[in-house]
Amino acid sequence: MTHEAVDDEALTRRPARGGVPLTRRPAFWLWAAVCLIGGWIAVTGLDAAVRAFPAGAVAGAALLAPTLVIGVWALRRLHPVRTRPIGYSLVALAWGAFGAFGLALPANAAFQAVLSKTAGPGFNAEWGAAIAAPVNEETLKLLGVVTLALMAPTSIRGPLDGWGYGALAGFGFQIAENFLYVLNTIVLTGATQDLHAAFFSFGGRVIGGAWWSHWAMTAIGGAGLGCLLGRATRTTAVLAAGAFLLAMALHAWWDAPILMGLGMLVLKGVPILFAAIVTYRLARRRYLTHFRRTAYTETVRGVFVPGEGHVLAHRKWRRKERWEVPAGEPRRLLARLRATELELIEDGLGGLEHDPRTADLLRGDVRRIRHHLISGPSPPRVA
Amino acid sequence: MVALALLVLCSVLPLLNRALGSGGRRLAPGTIVSIGTEQNGVRPVTVTVLRAGWVLSEADTSLTSNAKLLSDDIVFNLSVVVPLSSLDAQKLWGGLGRIVAAGGRARLATAPAPVVTAHGMTGLTGRIIGRDRVGVAAVFATDTLGATVTAAGPPRAFGAAAAEIEAMARTVTVMAP
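Chain order of the listed sequences is A and B. Heads up: the first sequence begins at 268 in the working numbering, then just goes up one per residue. Heads up: the second sequence begins at 24 in the working numbering, then just goes up one per residue.
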């Protein structure tokens, strides 16, 4: 057994299920290609406006950068037990910001042109966004969650994972779209007040609208998809389809030409935020139920020591116990032990390419790491 | 499966759009094209079509913000401007110059001259020049709303229609909320 440093983030660097490294999976290259193509479409589409309105573009980027950092930090931590691995989080984020956003630009333009030609420009002006955006954008964003699951099968094992990575893909899309809206606002205001337009756009779309925007809709769709990816049954397929339709319906509700005006933003947004919160609570409850049940079973089995399940359940306690262990090898071993135990618990959730033998391998790992840990010169109390 | 879904989404809609053709709607002389956010069933910025032959490009028109009219190779764009603070024509002309230049194919050529619409509204007008296109631009501003017009085409075609296009630009109305 190797004694390399392992922490919560280390799962990202481990080969995905079946021992296939991330870069050997076709889904990884599909992800890379879609992000490149989408990014290229977005950059070529926005390049001229960025060059023409540099002050507004820089102000918009400067305002959105901290929003991006705070949003990613918060969405990664929206998990009751562990922070989502940065690698997988960035994969989802990049899909949303580059792949989904870039491909949505021509897809939305084509859809709205079709609506305009078939139902008339008046209808398109009123309802075009409410019809085209939910279909194109929710599909494109959710495909990012599917792609992540295909390239790293352990990343999505249930609704909570689907919720989290869906939210991150949606948030990436949201940030890119907010930047586009900064440029659009500059044009709509006749390029007469670039900075003012950037601040106005930020105020309306981030301060006033970020709470119930793309992240929330894709989180809902992602949670449903997570159910299906965790365990493929007829029920979970219905759940996934229902969640996807709900995400599209909420998106359509947001874009619909009803309850217009700044004062109505909250009235339109609250149902979306509420649906995202309820979905999160349900996914969290399901996860914690499984967590507690598995921790108990493994304790009875003798794999975990009594009380270990409680330590595992809280980031703060895991961090605290790590500081109580001498730095160096013991601390690294303890981190590895906890990561393996968490992996063992989450393995039972299912997911793509689920191998029933993995649990026994992980149990063996836990026993071996624990043996190394307690055979050291100063065995930590916690193990 | 993901690749197939992407392919369907990103190819079916553009193909359908192409299959539907240019999607132009012929406009009869006297037709009033209105743009801007609808309030009480009325869009605040209008332009009147003066002769037959103009087509509303449905694919490139979003009535909440702009209308694109085509006549052979000539493109007539009417856009609404929603200022965040007080607006005047001079400021709007400067902004339009930057927007036209951002397109990369043309720029506003000269200092603008005053223009008065058929309804008595004063604005500014000037020439657009590009490598293979010439045209005319105009801006009209009220305190709370503005409109910009850009019309351009190949030099010969535009030269023949210039007087009519300038007259059309003078039919613009801006109804401030």
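What the hints contain is simulated information worked out from the structure, not anything from laboratory work. Do not take every clue at face value.
[To be verified] Which bits of chain A does chain B cover? Going by a derived footprint, with three or more residues having C-beta under 8 Å, they are:
no., region
1, 306-313
2, 371-380
3, 388-402
4, 476-482
5, 508-517
6, 610-620
This structure is a prediction, so every number in the text was calculated from the model and none was measured. The beta-carbon is built from N, C-alpha and C at its ideal position, and this holds for glycine as well.
Evaluation of the provided hints:
1. 306-313: The restraint on the region 306-313 of chain A is violated, since only 0 of its residues have a Cβ under 8 Å from chain B and three are required.
2. 371-380: Satisfied; 6 residues make the cut.
3. 388-402: holds (count 6)
4. 476-482: violated (count 0)
5. 508-517: violated (count 0)
6. 610-620: With 0 residues close enough to chain B, the hint is violated.
Hint compliance for this structure: hints 1, 4, 5 and 6 are broken, all remaining hints hold.
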